[in-house]
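As given, the protein sequences belong to chains A and B, one line each in that order. The letter at position 23 of the first sequence is residue 23 when you use my numbering, and the numbering goes up by one with no holes. The number in my numbering is simply the position in the second sequence, starting from 1, with 1000 added.
Read the hints as simulated data drawn from the structure, not as lab findings. C-beta: ideal position from N, C-alpha, C; glycine also. Hints are not guaranteed to be accurate.
Claimed, not checked - In silico BS3-like links for lysine-lysine, alpha-carbon gap of 30 Å or less:
1) Lys1132(B) to Lys50(A)
2) Lys1139(B) to Lys50(A)
3) Lys1132(B) to Lys65(A)
What the hints assert, rightly or not - Covered by chain B, according to a simulated footprint, are these stretches of chain A (three or more residues, beta-carbon under 8 Å):
4) 38 to 51
5) 57 to 69
6) 77 to 89
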Amino acid sequence: MPSEYEALVAALKLTDIPFAEYGWKTRPEGAYGVVQLDFEAGQMNGDGEKLDRVWEGSVDLFYPKLTDRGDLIDAVEETLTEILGNSWELNSTQYERETGLFHVEWAFQVLHSEEEEEPEGGEQDAVHDEG
Amino acid sequence: MEEVSALLDKMQERAPAAAARGLYEGAGVMANEVRKGAESIRTAPFHYVRAGTRLPSPEEKSIVTQASAGIAKFSKTGSEVDTSVGFRNAGYAQLKGKTVPIPKIVNAINSGTSFMQKQPFVRKAARSAAPKAMEAIKKRIEAEFEAMGKE
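Next up, chain A with everything else stripped away, as it sits in the complex:
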C-alpha cells in the first residue's frame, strides 16, 4: 500500500468523524466517512518494466444535518491538504432522499512508491560487484 495513503487513513481516523476503509457493515449514527483506493490512474514504464504507478482513491463523507456541513468538510479537507498537499479535488456533492443524508466526495491521487534516497557510495559498490 502507498505510504501516503496509509498516513491519510490514519489521519482521517484521528478526526472526530468515524472513518472506515471500503465501507461500513453497519452504518454509524450521525456523520461518518469512507476512504478507499479505487484504481490505477497512471503509470510510468521504462526498460520494459513498471517503474511506478499512481493510485486514485476517494474520500466519502455522509452527514445528516446541513448545519454541520462547514466543520465536517473543513476537517476532511484540512486532513487531505496536510497529508497530500494539493493532489486532491472535490468530486461531487449529492443528497440521498431516501436516507436524508448529504454526501460529499473527494478524489485524490497518491504515488505508489516512496521517494528513496540513494545510499551513499551505492554506485561504487555496484561497480565493485561487477569487477
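Since the structure of chain A is provided, determine the placement of chain B on it from the hints.
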C-alpha cells in the same frame, strides 16, 4: 504573400469548426471507454439491506449498459468549443415497477451511496481515456488543417 494571408484568413475562419470536429472525435473515444467501463460493473442479486455495502443488481447493470453514454450538445463561446460525455440525457428506465432516471442509477453506482459500494467506472474511464482522446483530437485537427492547405 497574398496566398499565405488568404490561407491564414481561411484558417481563422474555419478553426472553430475544425476544433469541433476534433473534439467530437475525442468525445467519441471517451464515450467508448465509459461504455466499456459499464461492462465491468460488479453485480450481486438484489437483497434489502439496512445499511452496509451492497452491489448493484444485474437489472441495474443492464439498464446502465443499455443506456449509451452520450455526447452532449456542443457549446461555443467565441472560438472555444466545449462538450461533455455522460449519461445526463440517458432518460428513464423501469426498475421494480418504478420509473427511475438513469443518471440517478449511474450516479449511485459511480459515487456510491450509504447503501451501495462505489464503483467509479466513469471517473476511471475519464482518467484512462484522456490521453487517447487528446491524441484523437490532435490527429483530426491536423488533418483538417492539412486539407485546408491543399484547397
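Now the hints, each set against the structure:
A threshold of 30 Å between alpha carbons decides the hint, and for Lys1132(B) with Lys50(A) the separation of about 20 Å falls inside it, so the pair holds. With a CA separation close to 28 Å, the supplied pair Lys1139(B) and Lys50(A) stays within the 30 Å bound. For the given pair, Lys1132(B) sits about 42 Å from Lys65(A) by alpha-carbon distance, which is inconsistent with the 30 Å threshold. Remark: the stretch 38 to 51 of chain A is confirmed as covered by chain B, as 4 of its residues place a Cβ nearer than 8 Å to a Cβ of that chain, reaching the required three.
Given as covered by chain B, the stretch 57 to 69 of chain A passes the check, having 3 residues with a CB less than 8 Å from a CB of that chain where 3 are the minimum. By the rule of at least three residues with a Cβ nearer than 8 Å to a Cβ of chain B, the coverage given for the stretch 77 to 89 of chain A is violated, with 0 such residues.
When the structure is compared with the earlier hints, violations turn up for hints 3 and 6 and for no others.
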